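A.B. asks: We have chain A; now place chain B onto it with these hints.
Those protein sequence lines, which keep their order, are chains A and B.
Numbering of the first sequence is given in the working numbering, commencing with residue 1480 and proceeding in unit increments.
Numbering of the second sequence is given in the working numbering, commencing with residue 61 and proceeding in unit increments.
Hints listed in this document are in silico derivations from the structure and should not be mistaken for laboratory results.
Bear in mind the structure is a predicted one, so any value in this text is a computation, not a measurement.
Heads up, the beta-carbon is just placed ideally off N, CA and C, and yes, glycines get one too.
Hints may contain errors.
Listed below are the simulated DSS-like cross-link pairs for lysine-lysine, each with C-alpha atoms no more than 27 Å apart in a straight line [to be verified]:
| # | chain 1 | residue 1 | chain 2 | residue 2 |
| --- | --- | --- | --- | --- |
| 1 | A | 1557 | B | 96 |
| 2 | B | 244 | B | 148 |
| 3 | B | 254 | B | 121 |
| 4 | B | 171 | B | 148 |
| 5 | A | 1560 | B | 244 |
| 6 | B | 178 | B | 148 |
| 7 | B | 254 | B | 96 |
| 8 | B | 171 | A | 1554 |
| 9 | A | 1633 | A | 1560 |
Interface residues of chain A toward chain B, partial, derived using beta-carbon atoms under 10 Å [claimed, not checked]:
| # | residue |
| --- | --- |
| 10 | 1522 |
| 11 | 1523 |
| 12 | 1526 |
| 13 | 1541 |
| 14 | 1570 |
| 15 | 1574 |
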Amino acid sequence: MKRLTAALLLGLVLNAPSFASTATEAALADDPVAEKRLLGLSEELRCLVCQNQNIADSNAELAQDLRHEIRGMIKAGKTDKEIIDFMVARYGDFVLYRPPLQGNTLLLWGGPIALLIFGLVALIAYQRRRATRVAAQDQPLSADETSRADALLKELDTK
Amino acid sequence: MNRYYWILGGFAALVVLLAVGLNLNPRDVPSPLVGKPAPAFTLSQLAEPDKTLSPQDMRGKVWLFNVWSSWCVSCRQEHPVLVEFSRKVDVPLIGLNYKEVRGDGEFDMSKMPAEEEKKLAFQRANQWLSQHGNPYKLTVMDLDGRVGIDYGVYGVPETYVIDKSGVIRMKHTGPISPEILTQKILPLLAELNK
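Excised from the complex, chain A in its bound form (with noise of 0.2 Å):
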């Protein structure tokens, strides 16, 4: 047992410098209420090297630096809006995942919405039109109509 004991902290100490390259990224760690504010300032942000990604899923290189920077605003005491104020003055709108609503993206925000009330005006103009059609078609049946459907009947019960 003491063996495996001294071996695992061997161990431990042999892998030491493998912990130094996450030490920036835990620096805060020890502050969780600012580690918290830095997930969500930064799920917040697009990393615009991957489009695609915010910066705190993202690897790249830019969105590390800018994790660190907003790291560093926290600690100066800068508030969420002065942090995402930093951010848009440097990259543009683009860079929030929720662009504010405002004349050039109107039509982001509004365009599913118009849409779907498109199609359920569509829906129901078309449902109105189909009721209308079928209830003037459907008249009851003439006396000749009568006889043709009762004869071609009969046919079927006499098979």
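C.D. replies: Same frame as chain A, but now just chain B:
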């Protein structure tokens, strides 16, 4: 029959929308910095590390600010265009060497002392310029990429056109092609230098 024209029309509209959307360049993100003063910095010059440069030093001149690095593959593609430009056009071209060492990805930065990074960065940048030609009036060194962040750099190479009053008038992300140079940058430089 009328109804089918409707559906066809809707489909055509969708095709047009997608065709336009797919032909846009997703890298072509409009920079909010255009029309704003060039962010301030004070960085060491590559040729003379004891000397620094700030955008204020360029006041009164129209200049180009080009972000490059020796590890940047597209920079190699762009470089002959810049060399040609510097020979023909009398507009100062200032280089911003962006994260020469730590941007490379070849080095374990946690094991590299700052002094060594600095030395290596200057050495690599100088070597690259002597190998490929130096179109820059001078280059400043942004070792940690902080100035890059202020300029919204996200894909080297990037180029900024800055006017006499220090305002960014244009930003181009990606390598400058001869077409972009003659069709967009040169006319703008001529206009600003009027």
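A.B. asks: Taking the hints in turn, state whether each one holds.
C.D. replies: Evaluation of the provided hints:
1. Restraint check: the Cα-Cα separation between residue 1557 of chain A and residue 96 of chain B comes to about 23 Å, which is no more than 27 Å; the hinted pair holds.
2. Under the criterion of a C-alpha separation no larger than 27 Å, the hint pairing residue 244 of chain B with residue 148 of chain B is consistent with the structure, at around 16 Å.
3. With a C-alpha separation of about 11 Å, the suggested pairing of residue 254 of chain B with residue 121 of chain B holds against the 27 Å cut-off.
4. For the proposed pair residue 171 of chain B and residue 148 of chain B, the alpha carbon gap of about 44 Å is over 27 Å, so the pair is violated.
5. Proposed proximity of residue 1560 of chain A and residue 244 of chain B is contradicted: the alpha carbons are some 36 Å apart, above 27 Å.
6. A C-alpha spacing of about 33 Å is found between residue 178 of chain B and residue 148 of chain B, which places the hinted pair above 27 Å, so the restraint is violated.
7. For the hint linking residue 254 of chain B to residue 96 of chain B, the alpha-carbon distance of about 20 Å falls within 27 Å, and the restraint holds.
8. Between residue 171 of chain B and residue 1554 of chain A the CA atoms are separated by roughly 25 Å; this keeps the pair inside 27 Å, and the hint holds.
9. At most 27 Å may separate the alpha-carbon atoms for a hinted pair to count; residue 1633 of chain A and residue 1560 of chain A exceed this at roughly 83 Å.
10. Among the interface hints, the one on residue 1522 of chain A is violated; its C-beta lies about 18 Å from the nearest C-beta in chain B, farther than the 10 Å criterion.
11. Because the closest C-beta pair between residue 1523 of chain A and chain B is about 17 Å apart, greater than 10 Å, the hint is violated.
12. Against a cut-off of 10 Å between C-beta atoms, the interface hint on residue 1526 of chain A holds, since the closest Cβ of chain B lies about 8 Å away.
13. With its C-beta approaching chain B no nearer than about 5 Å, residue 1541 of chain A sits inside the 10 Å limit, and its interface hint holds.
14. Restraint check, residue 1570 of chain A versus chain B: the minimum CB separation of about 5 Å is within 10 Å; hint holds.
15. For residue 1574 of chain A, the suggested interface contact is upheld, since its CB lies about 9 Å from the closest CB of chain B, less than 10 Å.
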